[in-house]
Amino acid sequence: MMKGTAVTGAGTDTVLSLRGICKRFGAVAALTDIELDVAAGEVVAIVGDNGAGKSTLVKVLSGVYAPDAGKIFLHGEEESLGSPALAHARGIATVFQDLALCENLDVKANLFLGQEIRPWLLDDVAMEKRSWELLRQLSAKIPSLSVPVAALSGGQRQTVAIARSLLSNPKIILLDEPTAALGVAQTAEVLNLVERLKQNGLGVVMISHNMEDVRAVADRVAVLRLGRNNGVYDVEDVSSEEIIAAITGATDNAVSRRAARRVTSPQEEREEL
Amino acid sequence: MTPPDTSVARVTELQDERLVTPQGITDSIRASVRRVRDGDLGMLPVVGGIVVIWTIFQSLNQTFLSSTNLVNLTFDMVPVGVLALGVVCALLVGQIDLSVGSVSGVSAAITAVIMVKHEQSMWLAVLAAVAAGCLIGWLYGQILNRVGVPSFVVTLGGLLAFLGVQLWLLRGQNAINLPYDSTLVKFAQLWFVPAWMAYTLAVAAAGGFLANGWVRARTRRDAGLSSSSLQWLLMQALLLLTGLLLAVFYLNRTRGVAWMFVFFVALVLVMNYVLTRTKFGRSLYAVGGNAEASRRAGINVRGVYTSAFVMCSALAALGGILAASRLAAANQSTGTGDVNLNAIAAAVIGGTSLFGGRGSAFAALLGVLVIQSISSGLTLLNLDSSYRFMITGAVLLIAVGLDSVARRSRQAHGRG
Chain A
1 MMKGTAVTGA GTDTVLSLRG ICKRFGAVAA LTDIELDVAA GEVVAIVGDN
51 GAGKSTLVKV LSGVYAPDAG KIFLHGEEES LGSPALAHAR GIATVFQDLA
101 LCENLDVKAN LFLGQEIRPW LLDDVAMEKR SWELLRQLSA KIPSLSVPVA
151 ALSGGQRQTV AIARSLLSNP KIILLDEPTA ALGVAQTAEV LNLVERLKQN
201 GLGVVMISHN MEDVRAVADR VAVLRLGRNN GVYDVEDVSS EEIIAAITGA
251 TDNAVSRRAA RRVTSPQEER EEL
Chain B
1 MTPPDTSVAR VTELQDERLV TPQGITDSIR ASVRRVRDGD LGMLPVVGGI
51 VVIWTIFQSL NQTFLSSTNL VNLTFDMVPV GVLALGVVCA LLVGQIDLSV
101 GSVSGVSAAI TAVIMVKHEQ SMWLAVLAAV AAGCLIGWLY GQILNRVGVP
151 SFVVTLGGLL AFLGVQLWLL RGQNAINLPY DSTLVKFAQL WFVPAWMAYT
201 LAVAAAGGFL ANGWVRARTR RDAGLSSSSL QWLLMQALLL LTGLLLAVFY
251 LNRTRGVAWM FVFFVALVLV MNYVLTRTKF GRSLYAVGGN AEASRRAGIN
301 VRGVYTSAFV MCSALAALGG ILAASRLAAA NQSTGTGDVN LNAIAAAVIG
351 GTSLFGGRGS AFAALLGVLV IQSISSGLTL LNLDSSYRFM ITGAVLLIAV
401 GLDSVARRSR QAHGRG
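Chains as they are written, first to last, in my numbering: chain A, 1 to 273; chain B, 1 to 416.
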């Protein structure tokens, strides 16, 4: 069993390290030699094009898929995440893109779904108290716990889903496209939430398509391209263009050409053709 | 803008300044009225429906609300009511059981065959019939889970197949009569709660309601959460007590409160406890609301489906035994005809959603009261069953229509 900083290249407060993770589906190599480190109180964004392997990586981390090769270290110790329940027990909580809430149940029933207190005489009072603690911790804006989730806005639902994943005091939280379906104000609320998770000392892995969101909250950006690492950047000293270049694999791509077209005059463009 | 009131420390859940906090009894009443106006009708439409139906029939026939007829009503509603209670379980998980009538017929036949033909003890017969019900439910669950045939089709097959089993069990005979001195028949025709005990039960029920509410309010207060005011609770308990005492008094003017009816109410209360206060009950609602989310939350969805069908079929079997006892015979038409659809209609009229995730045990009680009142009233008017079907159909449509309108209003007012 490896101890402490035995994982090469990882810092002392690293909670999660991936080394050489590979995953194949038939002839397709979805992930090849993925390396990733997440420290406590750090937000790592994973970006990449469609088919870059982001979702596969999340599923490997949440225990849905077992990797074909490679090692996962939690607090420097090698672990295998055989099932979602095992990953959860090891302190990795996942908020899936579709949130997985029961709209007919109220907020506190959703928070405690599957882990109710006192199975034979539900302790509503204890559950409600704990629910409020969790939501306060996230400074969540949910006025009442007795409304069904169907009555909440998208951002509020995202908050409930995140709060639920925090119920078991995880060390790492995986957010799969947390802002994809949200409006401007709700996106801001969720980003506040991510910052609060970070302040509470959790390692956050956030998958996102949205460069602005990534730049707003992430400390580091890990770029995936065609199932491989294509660079890890500190957000502070990288431009959006550089990230996009890494995502698409070249400085000459559809996005940069489009940007260039706006600067150059139409005539020049015609000459180019 | 008025400055925030800092003199009163607000309880945990009401710290959000956007919330309007009810204080005292008038605010509690006002909050209830607002809930109804927003479309959160609860049991109100069914209770209102019962009042309307009873008023109409009473004005058409003076004997409808007589003590004698109401005593009969309390007997007659039980078999279908037990079936409806089972249907609520299946509907809650978003499935349906169309075969409750046939299953009740099979169970009645099993009871009669074991008791009369084989002259075994009554308890063995009852046990065998309920066990057969459990087995049928388990079978439905397995077919749904493993083969993936929708419950609508599985139970439609069951409807036909078990009707066949019932006819096969009774082959050569139109009916098997149960002996009049058997406990089952006495229970379903003759046994009444003694007057003093009926009044004691009524007081105990109201006292239990009050104690339960008071303990809950106190634990909530101790935990720093809001609680309903004691006055409001007292008023509700007092209303309940008055209602129950009046009902007992009125029924006691003739034969009294039937043990069979008390048994049914007890069954409803047990089911209410299971649905609202246990983890299992919560998982029924969760699976009915979103099966995939429940699976990810660690709920054994297949197990929940199977247990819902086992509960449904076991209750159908119990209802069949009670129907046979009520008639003192198991015949080829027990559980056929409109029994099936009446049971499903009762559950739906009581407010159970056909799409899963919404409903309660009391839905079965109130729904069957509506169905049976219509049936009883039309019988008194000497109208044949053609009118009964048409009127029951119209009531079902009105009930579901009202529910749909209320749901739209609930959504508009942010109550889900």
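A portion of the hints provided could be inaccurate.
Said to hold, decoys possible - Below 20 Å or equal to it, Euclidean Cα-Cα: the simulated SDA-like pairs (lysine to any residue) are: (1) A:K129 x B:S227; (2) A:K129 x B:R277; (3) A:K129 x B:G213; (4) B:K279 x A:W120; (5) B:K279 x A:R90; (6) A:K141 x B:S226; (7) B:K279 x A:G70; (8) A:K71 x A:R90; (9) B:K279 x A:Y65; (10) A:K141 x B:L225; (11) B:K279 x A:R118; (12) B:K279 x A:K71; (13) B:K279 x A:S168; (14) A:K129 x B:S228; (15) A:K141 x B:H413; (16) A:K129 x B:K279; (17) A:K129 x B:W214; (18) B:K279 x A:R130; (19) A:K129 x B:V215.
Said to hold, decoys possible - Stretch by stretch, here's where chain A covers chain B in the computed footprint (C-beta under 8 Å, at least three residues): (20) 221–227; (21) 288–301.
Claimed, not checked - Among chain A residues calculated to face chain B with C-beta under 7 Å, some are: (22) V28; (23) A29; (24) D33; (25) C102; (26) E103; (27) P119; (28) W120; (29) L121; (30) E128.
None of these hints come from the bench; they were simulated from the model.
Glycine included, C-beta positions come from ideal geometry on N, C-alpha and C.
Each hint, compared with the structure:
Pair hint K129 of chain A plus S227 of chain B holds up; C-alpha atoms about 13 Å apart against a cutoff of 20 Å. Between the alpha carbons of K129 of chain A and R277 of chain B the distance comes to roughly 17 Å, so the proposed pair stays at or under 20 Å and holds. For the hint linking K129 of chain A to G213 of chain B, the alpha-carbon distance of about 19 Å falls within 20 Å, and the restraint holds. Using a Cα cut-off of 20 Å, the hinted pair K279 of chain B and W120 of chain A holds, with the two alpha carbons roughly 6 Å apart.
Proposed proximity of K279 of chain B and R90 of chain A is contradicted: the alpha carbons are some 24 Å apart, above 20 Å. Only pairs whose Cα atoms come within 20 Å are accepted, and K141 of chain A paired with S226 of chain B is accepted, the gap being roughly 18 Å. Taken as a hint, the K279 of chain B and G70 of chain A pair is broken in the structure, with Cα atoms around 39 Å apart against an allowance of 20 Å. Proposed proximity of K71 of chain A and R90 of chain A is supported: the alpha carbons are some 15 Å apart, at most 20 Å.
Proximity of K279 of chain B to Y65 of chain A is assessed by CA-CA distance (about 29 Å); at most 20 Å being required, the pair is judged violated. With a C-alpha separation of about 18 Å, the suggested pairing of K141 of chain A with L225 of chain B holds against the 20 Å cut-off. Distance hint between K279 of chain B and R118 of chain A is fulfilled; the C-alpha atoms sit about 8 Å from each other, no more than 20 Å. Between the alpha carbons of K279 of chain B and K71 of chain A the distance comes to roughly 37 Å, so the proposed pair goes past 20 Å and is violated.
Proximity of K279 of chain B to S168 of chain A is assessed by CA-CA distance (about 18 Å); at most 20 Å being required, the pair is judged to hold. Between the alpha carbons of K129 of chain A and S228 of chain B the distance comes to roughly 17 Å, so the proposed pair stays at or under 20 Å and holds. For the hint linking K141 of chain A to H413 of chain B, the alpha-carbon distance of about 18 Å falls within 20 Å, and the restraint holds. Between K129 of chain A and K279 of chain B the alpha-carbon distance is near 18 Å, which keeps this suggested pair within the 20 Å criterion.
Simply put, K129 of chain A and W214 of chain B have alpha-carbon atoms about 19 Å apart, close enough for the 20 Å limit, and the pair holds. Under the criterion of a C-alpha separation no larger than 20 Å, the hint pairing K279 of chain B with R130 of chain A is consistent with the structure, at around 17 Å. The hinted pair formed by K129 of chain A and V215 of chain B meets the criterion: a straight-line CA distance of about 17 Å does not exceed 20 Å. Taking a C-beta to C-beta cut-off of 8 Å, the region 221–227 of chain B contributes 3 residues in contact with chain A, enough for the three needed, and the coverage statement holds.
Here's how the region 288–301 of chain B fares: 10 of its residues keep a CB closer than 8 Å to some CB of chain A, so the rule of at least three is met and the hint holds. Taken as an interface hint, V28 of chain A does not check out: its beta carbon lies about 26 Å from the nearest beta carbon of chain B, beyond 7 Å. The restraint placing A29 of chain A at the interface with chain B is violated, with a minimum CB-CB distance near 28 Å, outside the 7 Å limit. Because the smallest distance between the Cβ of D33 of chain A and any Cβ of chain B comes to about 30 Å, over 7 Å, the interface hint for this residue is violated.
A distance limit of 7 Å between C-beta atoms decides the matter here; for C102 of chain A the minimum to chain B is near 4 Å, and the interface restraint holds. For E103 of chain A, the suggested interface contact is upheld, since its CB lies about 6 Å from the closest CB of chain B, less than 7 Å. The beta carbon of P119 of chain A is positioned within 7 Å of a beta carbon in chain B (closest approach about 4 Å), and the interface hint is therefore held. For W120 of chain A, the interface hint holds, since its Cβ comes within 7 Å of a Cβ in chain B; the closest pair sits about 6 Å apart.
Hint on L121 of chain A holds. Least Cβ distance to chain B is approximately 6 Å, under the 7 Å limit. A distance limit of 7 Å between C-beta atoms decides the matter here; for E128 of chain A the minimum to chain B is near 6 Å, and the interface restraint holds.
Violated hints, listed in ascending order, are 5, 7, 9, 12, 22, 23 and 24; each of the other numbered hints is respected by the structure.
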